[in-house]
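Mind docking chains P and C on chain E? Use the hints.
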Amino acid sequence: MISFIIRRILQSLVVLVIVSMLVFLAMRLLPGDPIRMILTVSSAESFSEEQIAQVRHEYGLDRSLFIQYFDWVGGILHGDMGNSILQRIPVSDEILRRIPITFHLGILAFIFGLLIGIPVGIISAVRRGTWLDTLVVTLSNLGITVPAFWLGVLLMWVFGYYLRWLPIMGYTSPFTDFWYNTKQLIMPVFCLTLFPIASTARQTRSSMLEVMRQDYIRTAWSKGLTERVIITKHALKNGLIPVVTLAGMAVPMIVGGTVLIETVFNIPGMGRLAVTSVLNQDYPYVQGIVIIVSAAVLLVNFIVELVYGWLDPRIRYD
Amino acid sequence: MVNEATPNVADNGRLELPPGVSEWHRFRRVFLSRGVVVFGMIIMVLFIFVAIFAPLIAPYDPYEPDLDNTLQNPSAAHWLGTDALGRDTLTRIIYGTRTSLEIGLIVVAFACIIGITLGTLAGFYGGWTYIIIMRFVDALMSFPMILLALVIAALLGGGMKNVIIALSVALMPGYARLMCGQVLSVKQNDYILAARSMGASNLRIMLRHVVLNCVSPIIVQITMMLGVTILAEAGLSFLGIGITPPTAAWGNMVADAQQYLLVLPILSFAPGLALMLVVFAFNMVGDGLRDALDPRLRGIL
Amino acid sequence: MPELLKVNNLVTQFKTESGVVKAVDGVSYYINEQEIVGLVGESGCGKSVSQLSVMQLISAPGEITGGEVIFEGQNLLEYKANGPEMRSVRGARIAMIFQEPMTSLNPVLTIGQQLTEMLVLHMKMNDEAARKRAIDLMGLVGIPAAEKRIDDYPHHFSGGMRQRVMIAMGLSCNPRILIADEPTTALDVTTQAQLLEMMKDMVQRFRASLVIVTHNLGVVARYAQRIYIMYAGRIVESGTTKEIFGQPRHPYTIGLLKCIPRLDEAEGTKLVPIVGLPPNLINMPPTCAFLPRCSYKIDKCFKEPWPELTPVSDNHFIRCYANTEENKK
Numbered sequence: 022m023i024s025f026i027i028r029r030i031l032q033s034l035v036v037l038v039i040v041s042m043l044v045f046l047a048m049r050l051l052p053g054d055p056i057r058m059i060l061t062v063s064s065a066e067s068f069s070e071e072q073i074a075q076v077r078h079e080y081g082l083d084r085s086l087f088i089q090y091f092d093w094v095g096g097i098l099h100g101d102m103g104n105s106i107l108q109r110i111p112v113s114d115e116i117l118r119r120i121p122i123t124f125h126l127g128i129l130a131f132i133f134g135l136l137i138g139i140p141v142g143i144i145s146a147v148r149r150g151t152w153l154d155t156l157v158v159t160l161s162n163l164g165i166t167v168p169a170f171w172l173g174v175l176l177m178w179v180f181g182y183y184l185r186w187l188p189i190m191g192y193t194s195p196f197t198d199f200w201y202n203t204k205q206l207i208m209p210v211f212c213l214t215l216f217p218i219a220s221t222a223r224q225t226r227s228s229m230l231e232v233m234r235q236d237y238i239r240t241a242w243s244k245g246l247t248e249r250v251i252i253t254k255h256a257l258k259n260g261l262i263p264v265v266t267l268a269g270m271a272v273p274m275i276v277g278g279t280v281l282i283e284t285v286f287n288i289p290g291m292g293r294l295a296v297t298s299v300l301n302q303d304y305p306y307v308q309g310i311v312i313i314v315s316a317a318v319l320l321v322n323f324i325v326e327l328v329y330g331w332l333d334p335r336i337r338y339d
Numbered sequence: 003m004v005n006e007a008t009p010n011v012a013d014n015g016r017l018e019l020p021p022g023v024s025e026w027h028r029f030r031r032v033f034l035s036r037g038v039v040v041f042g043m044i045i046m047v048l049f050i051f052v053a054i055f056a057p058l059i060a061p062y063d064p065y066e067p068d069l070d071n072t073l074q075n076p077s078a079a080h081w082l083g084t085d086a087l088g089r090d091t092l093t094r095i096i097y098g099t100r101t102s103l104e105i106g107l108i109v110v111a112f113a114c115i116i117g118i119t120l121g122t123l124a125g126f127y128g129g130w131t132y133i134i135i136m137r138f139v140d141a142l143m144s145f146p147m148i149l150l151a152l153v154i155a156a157l158l159g160g161g162m163k164n165v166i167i168a169l170s171v172a173l174m175p176g177y178a179r180l181m182c183g184q185v186l187s188v189k190q191n192d193y194i195l196a197a198r199s200m201g202a203s204n205l206r207i208m209l210r211h212v213v214l215n216c217v218s219p220i221i222v223q224i225t226m227m228l229g230v231t232i233l234a235e236a237g238l239s240f241l242g243i244g245i246t247p248p249t250a251a252w253g254n255m256v257a258d259a260q261q262y263l264l265v266l267p268i269l270s271f272a273p274g275l276a277l278m279l280v281v282f283a284f285n286m287v288g289d290g291l292r293d294a295l296d297p298r299l300r301g302i303l
Numbered sequence: 013m014p015e016l017l018k019v020n021n022l023v024t025q026f027k028t029e030s031g032v033v034k035a036v037d038g039v040s041y042y043i044n045e046q047e048i049v050g051l052v053g054e055s056g057c058g059k060s061v062s063q064l065s066v067m068q069l070i071s072a073p074g075e076i077t078g079g080e081v082i083f084e085g086q087n088l089l090e091y092k093a094n095g096p097e098m099r100s101v102r103g104a105r106i107a108m109i110f111q112e113p114m115t116s117l118n119p120v121l122t123i124g125q126q127l128t129e130m131l132v133l134h135m136k137m138n139d140e141a142a143r144k145r146a147i148d149l150m151g152l153v154g155i156p157a158a159e160k161r162i163d164d165y166p167h168h169f170s171g172g173m174r175q176r177v178m179i180a181m182g183l184s185c186n187p188r189i190l191i192a193d194e195p196t197t198a199l200d201v202t203t204q205a206q207l208l209e210m211m212k213d214m215v216q217r218f219r220a221s222l223v224i225v226t227h228n229l230g231v232v233a234r235y236a237q238r239i240y241i242m243y244a245g246r247i248v249e250s251g252t253t254k255e256i257f258g259q260p261r262h263p264y265t266i267g268l269l270k271c272i273p274r275l276d277e278a279e280g281t282k283l284v285p286i287v288g289l290p291p292n293l294i295n296m297p298p299t300c301a302f303l304p305r306c307s308y309k310i311d312k313c314f315k316e317p318w319p320e321l322t323p324v325s326d327n328h329f330i331r332c333y334a335n336t337e338e339n340k341k
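Chains as they are written, first to last, in our numbering: chain E, 22 to 339; chain P, 3 to 303; chain C, 13 to 341.
Hints are computed from structural coordinates only; laboratory data are not their basis.
Remember, predicted model here, so these are calculated numbers, not experimental data.
Certain hints may be false.
What the hints assert, rightly or not - Pairs of lysine to any residue residues, derived as SDA-like cross-links and limited to a Cα-Cα distance of at most 25 Å, are as follows:
1) E/258 <-> C/139
2) C/92 <-> C/72
3) E/254 <-> C/27
4) E/254 <-> C/90
5) C/160 <-> E/333
6) E/204 <-> E/179
7) C/27 <-> P/261
8) E/204 <-> P/37
9) C/27 <-> P/28
10) E/258 <-> C/27
11) E/204 <-> E/183
12) C/27 <-> E/150
13) C/27 <-> P/293
14) E/258 <-> C/138
15) E/258 <-> C/119
16) E/254 <-> C/145
17) E/258 <-> E/150
18) C/92 <-> E/253
What the hints assert, rightly or not - Derived Cβ-Cβ restraints for the label pairs, each shown as a range:
19) P/25 <-> C/277: 40 to 46 Å
20) C/141 <-> E/117: 54 to 60 Å
21) C/259 <-> P/221: 55 to 61 Å
22) P/54 <-> E/248: 19 to 25 Å
Don't be surprised by glycine CBs; every beta carbon is placed ideally from N, CA and C.
So that you can see chain E by itself, here it is in the shape it has in the complex (with noise of 0.2 Å):
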């Protein structure tokens, strides 16, 4: 089992530095030269090429780009991912403040998909072709089309400007006033949840129906148990796997999704963040908030093996 651990910590360290080499890379390889930009940025004055050798050297830009990337690197290592273009305060701050916001919302709206998503979904499928789960089928399905961006305008709408009960925009801390804030989150989690939630339901009712198939389904019903013993202890253990598989999958689904929904309610989060960064070409933030992501999502990744080798002792033997 350690062994197990160790080597998916190493591959999933693999992969991060694959991408920071990739990130790194695609922000050198830039068409424009970012001398310019960031001197055009600070003033309309034109400079000298003496000058801009001076601002290349004091950006350390004209060392080879191995040295760049491994100074990089170890900047990040130290919490420095360089400042942004446009603010000049370093990108680390902004995005350590930013990071608790979309955090909170992505939470929530990955505990609700799961606690909401997998019981739906598991009464669905044993009461399979009852008027619940016609229900939950075609609720689901919906679910999955609904353009998360639109339905959070749709809501604002309604919620917001027409009955006036929520408000439409912005982020309050909980820490500050927590039952605003809630009221604040109630439309774009709900938003960023439906996906997530109606396509866990899907996916667990399509695996338990797999699962209760099964031959030793057949078994645990010849010897005697009861349908609630049944579902929970024979059925659930094995339905779950390919659900944890999507709530993996989920995590890279949520964190695209808070791009879209802060943009709609104005959250001032990291995906807002990213989408204002991406506008106005400030390339360190991007590569902050990339690097960023992909480790969260590797760590995600990560657990969701844990979890794999926890419920499938098959695998644990890898």
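Here is chains P and C on its own, set in the frame of chain E:
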């Protein structure tokens, strides 16, 4: 104990053969058995039709502004009203169909081809090829699709071509993984050994068996991914990256309409609804295909 | 002494896309105490379905549409399929083991967990006692190092070992009847022999009755006291093992026996297969289902519906018009 059927056993008037249902009939029957799937199929065909014949169907020009008639409510002249520049919403939705379907199909085609190639190579050759390709695919896959598309679009700039590239890259890993998995499991299968023992060459075996086995999951995956791609493209154009106005795309239509939410809500509703319908149609058709082609996939796809 | 289990006119149907399949079409048989009975027939003849029906383990699109299953004085079919009464019968009074040991055990639970849950449920044992008993049972069925292996998972065991575990599970709550559905079909020949011998011993030790469902007459020849031969959803011949093997009367049985290679036959004797294929069970004609493949058919067979089971001697019944005794082919 039992040998071939003897044809002259018609003593009691019955030829004892198992019920013969052709594969096509079975497929058709299962596929059409669910109402939602048929509904999805009809919608899908409808949208494809609209996309192809857009210039013939649309009542107005999607680009030409008409500043005398801005922000009109739905009326006989403009079934869905007009936008801030006086352009007919219905027309723009019709042309938006074109954008969505075009991008969707091209992206999926690219992702499919590249992904399948990479996956097959990785699965077939194994060893270092496998490790390198699969780690690369893992890296891509672990990344949120929108974010990836965002970054690539940032690098390359906006515009349809770059959106296509960005989305193809983001979508490709799914196919690569699928294909690689299929190749690996076919490689291990007994019937490969059997074919080998009968003298068939390696390449021939691989191609034949792998292709036969993979057709079903890939077809299903394609329809599913079409929906995802269209949604992703809409998201990107909503954010202002990718297809920008004046080109009619449902995403940027929703974005534009946000400011007029109180005045003319239909400007936001209509494109969103169109989006939903199309994605729903593709998803349902994908479901139907999966059930009809190979119900065993139900637990996986 | 009354029978332990009496099945009367059991009918089980399956609704398929092509029509209604009468998998079990009026099957009647009985089991006595401490008896070993064989139920023999080809794939698709309904033998497995009949046993699943007894346990009410049939689910949609299948349905038990007629008959009685009298066990310990009660008609089991009157109980709801998953109601408390039926559940108290399953595993505790009638147990069943299945053909595929590879897939019949839950891969994510240990053998110990799967063994002890029955003991806790039906025998009301506490965890400790159940665990001890499980280890004992594993030893009885011949699993070495039971103490250590009880916490292993099914994929750590070979097919033969898994089947032994299934047998242990089956007998763990001292059922009156153990139904073994093709218990050895998926195993190699040596393991088959060992397993059957062990099953016979265990069943005797537990004083239970055993129903062996199989397509292989050889398997029941040695162990069963009585045999039922099934074809197309009905029993076509029944009798003691001695009579069935010594004086088979139904054309199908005769055909089956001719297919078995025997060591005491002269060299060069040919195996004679039964011509034709098993029938399509949808829309069966009223006449004898074996007709197309029969070498003994007479005029009456074409005109009359399939006959009832008629006795040819004390305990020997066949469902046939032809007199195979006289027309030996």
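* Hint consistency between residue 254 of chain E and residue 145 of chain C [alpha-carbon to alpha-carbon, up to 25 Å] -> 21 Å, holds
* Asked: When you check the alpha-carbon spacing of residue 27 of chain C and residue 261 of chain P, does it fall within 25 Å?
  -> 58 Å, violated
* Proposed proximity, residue 28 of chain P with residue 27 of chain C (alpha carbon, max 25 Å) -> Roughly 17 Å separates the two Cα atoms, so the pair holds.
* Asked: Are the Cα atoms of residue 258 of chain E and residue 139 of chain C separated by 25 Å or less?
  -> Holds: residue 258 of chain E and residue 139 of chain C sit about 21 Å apart, inside 25 Å.
* Do the Cβ positions of residue 54 of chain P and residue 248 of chain E conform to the proposed distance bound of 19 to 25 Å? -> Because 52 Å falls outside the window, the suggested range is violated.
* Within 25 Å, alpha carbon to alpha carbon, are residue 204 of chain E and residue 183 of chain E? -> 16 Å, holds
* Holds or violated: residue 258 of chain E with residue 150 of chain E, Cα cutoff 25 Å? -> 23 Å, holds
* **Satisfaction of hint between residue 138 of chain C and residue 258 of chain E, Cα-Cα up to 25 Å** => The hint holds at about 24 Å.
* Are the Cα atoms of residue 160 of chain C and residue 333 of chain E separated by 25 Å or less? -> 20 Å, holds
* **Satisfaction of hint between residue 37 of chain P and residue 204 of chain E, Cα-Cα up to 25 Å** => Roughly 39 Å between the alpha carbons, so the hint for residue 204 of chain E and residue 37 of chain P is violated.
* Asked: Are the Cα positions of residue 92 of chain C and residue 72 of chain C separated by 25 Å at most?
  -> Given pair residue 92 of chain C, residue 72 of chain C holds - Cα atoms ~15 Å apart, limit 25 Å.
* Do the alpha carbons of residue 254 of chain E and residue 27 of chain C lie within 25 Å of each other, as the hint requires? -> Outside the cut-off at roughly 31 Å; violated.
Hint compliance for this structure: hints 3, 4, 7, 8, 10 and 22 are not met, and every other hint is.
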